[in-house]
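Novice: As a plain string of letters, each chain reads:
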Amino acid sequence: MEATSAGATGAPRPDLYRTRTRRSTGEAAIRYALLAAALVSVLTTTGIVFSLLEETVVFFGDVGVGEFLSGTKWTPLAGGESQSFGVVPLVFDTLYLTGIGLLVAIPFGIGSAIYLSEYASPRVRRILKPVLEVLSGVPTIVFGYFALTFVTPEILKGLGLEVGSFNALSAGLVLGVLVLPTIATVADDALTAVPGSLREGAFGLGASRMQVSVRVVLPAALSGVVAALVLGASRAVGETVIILVAGGQKADLTLDPTVAMQNMAAFIAAASRADIPTSGPEYGAIFAVGTTLFVMTLVLNAISIRFVRKYRQVYE
Amino acid sequence: MSAVPEAGLSRKVVERASSGQRTKDLMFRLALLFSVSVGFVVLAALVLDVMIDGASRVSLDFITSFPSRISPESTGVKSALIGTIYLMVLCAVFIVPVGVATAVYLEEYANRGSRLSRLIEVNIQNLAAVPSVVYGILGLAFIVRGPLGLGPVLLAGALTLGLLVLPVVIIVSREAIRAVPSSIREGSLALGATQWQTIWKQVLPGALPGIATGVILALSRAIGETAPLLVIGAATFARFNPEGITDRFTAMPLAIFEFISDADTEFRAAGAAAIIVLLALLVVMNAGAIFLRNRYERKW
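In order, the protein sequence lines correspond to chains A and B. Residue numbering for the first sequence follows this note's numbering, beginning at 1 and increasing consecutively. Residue numbering for the second sequence follows this note's numbering, beginning at 1 and increasing consecutively.
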């Protein structure tokens, strides 16, 4: 009936939603402008992948994937006969330095996390957590200076170790201190996400605080704690300046932590400053190593995200 | 958080436990305290080491002199400090609009769970974990050479650092925007405001303290970065100030790198002094961030 009466007056109902006013056009334009800004991050990733691959492909034309991935001599900047592009020693040294770092960062990082979440009073926690954040905000060049001018000469040589002025031990230890706050903060988030009822149940059964922390809370938060470790490892793998300043300039296959070692990131920084032609395998090596590093950190990050999701699903 | 309520409970349990268990518990507690102290001891040692080595070299002359390769007594960080300040400003000009716009898009416009917004989110998550030296490669191949071809100039450095810290700005801004309660948006929309008017006049002002804190944190990370600037070929030693955005430049971390790469202890002392200047700048910025957060953050 109403339709007829509307028809009778002859006035078509205005379509409120479809009318294009100046206002709605403006609103739509803003939406697309914001989307464009959001796409900058996608473009950044694309840019990174392209800039790495373009030169890497050229490099593999010169050197060969097999030689790069399985060669055990890394002397890309040496001239003539002694030049060799086997990345194995560089990857090995990267993992070795990361390993030394994690030997420091894992026990102390997780210890800090357990203390913060299970032992510290709210007041103590409010003071301790920001200090850890300050530690993670110190520029890495400062850590490099600390490793070079304090840890190596004062501590390591002071302990009677015969280390070189550039050595893996000092760089690795300081690398560990660098990633300690990362591990502590992320692991602390995972531990505090464990519901209080689990603790109360364990306390009710007569468990001590240590037993509750180690046997109940830590296992319950395990995936989050593992995520913290992987994230810490990923940061250590990609660190440049500490290794560049205190680790040295060469990569050999050795287990001796008292000699110089270089990681992939430090190689990239050192080689891009060296006086080398911008065409040719020396230049390409920067990008091939960059690709290797990028893939490694991407995989570590993916693993970490997977673990974080797991503990979120359980408790949130 | 959840550890708080049963604090009294556990103490009683520990008291009743066997003495062997009590000793173990005590040892464990001491081990944890030791773990926590590692971070603090290193931080203190680091600051002390830098102070002892460099404090005597910090002076007005040090800040207002160009660096010297010959005389460590008269060397300074003028060009590096000015370069760092320019970098910070340019970087802010780039990351504030792009970062906040991305955050607004993801929080206020994007379809949660749509493919596009998930793509963008995963991207940001991954970008936050990419090592800084890889951003240097991006800057080298795309901004310094390649498509943009700017050369190792101030603008190239600022863009490279900007891309590096953009995820920080986006993540913090999103949290700040999310913290504005939806009742504010609904009220505004009900009064006839458009979506953008609501965002511009209600949501963004409410989120501003959080966003500003995030931007300052991002900038303080940007000016402490060494690796990307090394890779793009920025100068580590410059006896000139950049005059415009297309001039070559140096920055504080690069000057520090140059000083401490010298085996001479006098130059290394100058490096320590430059570290003090950089740390002082960072302390001021972080204090600013904390002040903003405490003074202006709204509890809804």
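Hints listed in this document are in silico derivations from the structure and should not be mistaken for laboratory results. A virtual CB, placed ideally from N, CA and C, is assigned to each residue, including glycine. One or more of the hints may lead you astray.
Ranges between beta-carbon positions, derived for each pair [said to hold, decoys possible]:
| no. | chain 1 | residue 1 | chain 2 | residue 2 | range |
| --- | --- | --- | --- | --- | --- |
| 1 | B | 284 | A | 131 | 16 to 24 Å |
| 2 | B | 70 | A | 133 | 22 to 30 Å |
| 3 | B | 263 | A | 54 | 31 to 39 Å |
| 4 | B | 266 | A | 33 | 34 to 42 Å |
| 5 | B | 119 | A | 28 | 32 to 40 Å |
| 6 | B | 51 | A | 84 | 39 to 47 Å |
| 7 | B | 118 | A | 131 | 51 to 59 Å |
| 8 | A | 155 | B | 71 | 28 to 36 Å |
| 9 | A | 134 | B | 114 | 24 to 32 Å |
| 10 | B | 118 | A | 54 | 42 to 50 Å |
| 11 | B | 178 | A | 82 | 51 to 59 Å |
| 12 | B | 34 | A | 255 | 23 to 31 Å |
Calculated pairs, DSSO-like style, for lysine-lysine (alpha carbon to alpha carbon, straight line, at most 30 Å) [to be verified]:
| no. | chain 1 | residue 1 | chain 2 | residue 2 |
| --- | --- | --- | --- | --- |
| 13 | A | 157 | A | 310 |
| 14 | A | 310 | A | 73 |
| 15 | A | 129 | B | 24 |
| 16 | B | 201 | A | 129 |
Novice: Each hint should be assessed against the structure and marked as holding or not.
Specialist: For each hint, the structure was consulted:
1. B:284 / A:131: 16 to 24 Å: holds (18 Å)
2. B:70 / A:133: 22 to 30 Å: violated (41 Å)
3. B:263 / A:54: 31 to 39 Å: holds (38 Å)
4. B:266 / A:33: 34 to 42 Å: violated (54 Å)
5. B:119 / A:28: 32 to 40 Å: violated (21 Å)
6. B:51 / A:84: 39 to 47 Å: holds (44 Å)
7. B:118 / A:131: 51 to 59 Å: Given a distance of about 36 Å, which is not inside 51 to 59 Å, the answer is violated.
8. A:155 / B:71: 28 to 36 Å: holds (31 Å)
9. A:134 / B:114: 24 to 32 Å: violated (39 Å)
10. B:118 / A:54: 42 to 50 Å: Violated, at about 28 Å.
11. B:178 / A:82: 51 to 59 Å: Roughly 57 Å apart at Cβ, these two residues keep to the hinted range, so it holds.
12. B:34 / A:255: 23 to 31 Å: With Cβ atoms ~28 Å apart, the hint holds.
13. A:157 / A:310: violated (45 Å)
14. A:310 / A:73: violated (41 Å)
15. A:129 / B:24: holds (26 Å)
16. B:201 / A:129: Measuring from Cα to Cα gives roughly 35 Å; hence the hint is violated.
The structure is inconsistent with the numbered hints 2, 4, 5, 7, 9, 10, 13, 14, 16, although it conforms to all the rest.
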